[in-house]
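Asker: Listed below, chain by chain, are the residues.
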Amino acid sequence: MVSGGVSKFVKARPDATFQKMVKEAFDYALGDVPRLKTDRIDGSVGSYFSDHFTRQLMAGIMATDYLGLCPKPNKRIEGGGATGGLCFQAAWESVASGRMNCCVAFGFETMSRVQTWKGNEFIALASDVNFDYPVGGFYSGYYAMMVNRHIHEFGTTLEQMAMVSVKNHRNACFNPYAQKRKRITIRDVRNAEMVAYPLTLLDICVMSDGAAVCILADEETAFQLADKPVRITGVGTGTDMMRMADRPRGKVILAPNEKESDYRNLTYPGVHSFRAGRSAALQAYRMAGIRDPLREIDFVELHDAYTSSEIQTYEDLALCRYGEGGRFIEEGHPFLPRIDYGMKLKKKGTIPVNPSGGLIACGHPVGATGLMQAVFAFWQIQGTIGRHFGSGELQLKKAERGLIHSHAGTGTYVTVSILERGW
Amino acid sequence: MSKKRARLTKPTAQHRDPRLEEVMTGTTVFNVPFPADLSTLKGMSPLVIRFPYSVEYLHSYGQDSPFFAGLANRKLLGTRCGPCQYTYATPRLHCPACGRETDWTELPQEGRVHTFTTCYYGSEEFLKETPFHLILVEFDGVDTLLLARLIGVAGPEEIRIEMKVKAKFRRNSQLKTTDVYFVPA
Ligand SMILES: [Zn+2]
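Residue numbers (numbering that gives the first Met the number 0), protein chains in the order written: chain A, 0 to 422; chain B, 0 to 184.
Hints listed in this document are in silico derivations from the structure and should not be mistaken for laboratory results. Heads up, a few of these hints could be off.
Simulated crosslink set (DMTMM-like; lysine to aspartate or glutamate; CA at most 20 angstroms straight-line) [said to hold, decoys possible]:
1) B:K41 x A:E158
2) A:K117 x B:D142
3) B:K127 x A:E192
4) B:K175 x A:E219
5) B:K41 x A:D26
6) B:K41 x A:E330
7) A:K10 x B:E123
8) A:K345 x A:E152
9) A:K343 x A:E330
10) A:K250 x B:D142
11) B:K163 x A:E92
12) A:K117 x B:E128
13) A:K117 x B:E55
14) A:K347 x B:E156
15) A:K36 x A:E219
16) A:K347 x A:E329
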């Protein structure tokens with residue numbers, strides 16, 4: 000990866016069409032690699048989640064033509080919430096296969112085009128419309144059911160979930176791209192309006208308008224274009240049955256740092272864990288040669304559409320064992336070491352998770368989200384957070400290897416990619 | 000015929016000065032301020048228009064149709080893969096484990112809450128029904144779950160995982176999965 004750009008995520012961008020938002024992110028990315036002229040770009044992949052939000056079929060080509068990337072190859076990548084992560088990997092595939100030396104990945108979503116509850120309906124159409132949607136299709140409801148089972152199986156607490164919200168909102172205070180930047184407390188999260196028990200308004204990410212762009216190139220091209228290119232050393236994509244009700248109850252898929260005796264009485268994945276997340280992580284770890292993720296990865300940008308899903312994802316990524324996600328945050332591991340969160344944390348900063356503020360605070364313009372994570376991780380590894388954010392509070396001292404994680408449905412598509420210092 | 004010829008030969012006002020008929024439906028704008036200096040246009044506030052969008056579908060349940068016919072007859076149907084000895088509470092005509100066709104089977108009408116939530120908000124279509132309770136139901140001897148509404152409880156504090164529930168059916172079927180719902184047993 001040689002460059003990236005993000006349009007600021009906001010609730011609504013009536014001043015711009017999706018093409019213009021993509022153009023902003025694209026121009027930012029080009030500005031960061033002055034040696035890259037558009038004639039060296041061999042093609043692009045584009046991502047947006049919902050045709051309903053856009054109310055424009057083939058919107059991908061409209062962004063492509065606006066960027067001036069015709070008549071080069073382009074295609075649309077779509078997979079629910081993981082759309083951005085899948086797009087990132089599609090660009091990687093284009094380069095890794097040798098088809099392109101330089102490929103642009105762009106993603107966007109224009110969610111402000113309908114009212115919030117209509118937007119929730121569009122999102123809920125990404126659940127089985129014969130068996131699930133008509134019962135009361137609502138993603139916050141689905142995630143609430145999953146975390147209630149997680150609580151039942153493992154004793155996860157609502158306060159542990161709230162800590163995720165406190166952490167991510169606080170981190171976002173130092174990220175000018177974030178949509179929600181505020182200091183809140185565990186009590187604020189629990190006292191916020193209940194949306195789907197036990198998830199409150201502050202446990203859930205918001206809808207946004209926004210775009211993000213990543214520029215990927217092969218090694219030779221990358222070093223011609225950039226001084227500090229970032230290497231993509233592992234990619235993994237997992238899937239699971241669309242209907243939560245259909246998820247099997249079998250044995251845990253073991254990570255290299257786990258053994259069967261860790262999980263004697265646990266049926267897996269049930270509705271409490273994301274098998275697709277575990278599968279994606281293990282593929283990426285194998286490819287990158289990672290055996291002990293907690294020690295071998297410096298930071299993680301993961302898909303925290305819900306505070307609960309961040310906790311569930313610590314476990315899928317094998318940062319801790321299944322069932323220990325709640326304790327993992329309570330002890331302080333995923334917090335940033337140098338930031339004051341207004342609470343006492345015993346083991347602060349073992350592996351910062353969502354240093355950018357994540358989806359909960361940055362916003363979630365679906366097609367852009369997974370690419371936004373890649374851009375933030377890219378800057379983190381380059382050590383350029385200070386320059387891009389205007390302040391260096393979120394820059395980690397050691398950020399040589401990062402993990403990005405994009406997640407769809409109730410865990411139906413999940414991508415994990417490993418980014419490392421390439422110079 | 001004579002009418003047509005008349006139109007061809009006698010030019011109407013339309014032909015002499017062609018213009019679209021003015022409509023007074025939807026967004027009707029009479030005056031939009033506009034600057035004389037075009038270079039100021041980039042500072043213009045965006046124009047936002049509003050319009051509805053609705054579609055009527057002819058939606059087929061295809062191979063899953065017997066499930067809905069079952070609900071209309073107060074039967075709860077799942078499917079079973081004999082070779083895998085695996086029963087699906089939410090039916091699927093093919094077993095994803097072995098690829099074989101499954102057989103229809105009647106499910107018990109009593110089960111337990113596997114997990115639950117109470118929705119205080121929802122998608123626009125269901126907003127007027129809030130708060131409502133969603134449960135995943137597990138049945139004895141059945142390997143997968145069924146998503147349904149739970150009624151007859153006041154709030155989430157009255158729902159427990161593993162509590163017993165029983166199926167009830169709407170008297171008038173709507174051929175939707177909500178034809179079946181659950182109440183505390
Ligand atoms: Zn079978």
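Asker: With reference to the structure, classify each hint as holding or not holding.
Answerer: Against the structure, the hints:
| no. | hint | result |
| --- | --- | --- |
| 1 | B:K41 x A:E158 | violated (48 angstroms) |
| 2 | A:K117 x B:D142 | violated (34 angstroms) |
| 3 | B:K127 x A:E192 | holds (18 angstroms) |
| 4 | B:K175 x A:E219 | violated (57 angstroms) |
| 5 | B:K41 x A:D26 | holds (19 angstroms) |
| 6 | B:K41 x A:E330 | violated (52 angstroms) |
| 7 | A:K10 x B:E123 | holds (19 angstroms) |
| 8 | A:K345 x A:E152 | violated (25 angstroms) |
| 9 | A:K343 x A:E330 | holds (9 angstroms) |
| 10 | A:K250 x B:D142 | holds (14 angstroms) |
| 11 | B:K163 x A:E92 | violated (50 angstroms) |
| 12 | A:K117 x B:E128 | holds (15 angstroms) |
| 13 | A:K117 x B:E55 | holds (17 angstroms) |
| 14 | A:K347 x B:E156 | violated (34 angstroms) |
| 15 | A:K36 x A:E219 | holds (16 angstroms) |
| 16 | A:K347 x A:E329 | holds (10 angstroms) |
Checked against the numbered hints above, the structure breaks hints 1, 2, 4, 6, 8, 11, 14 and satisfies the rest.
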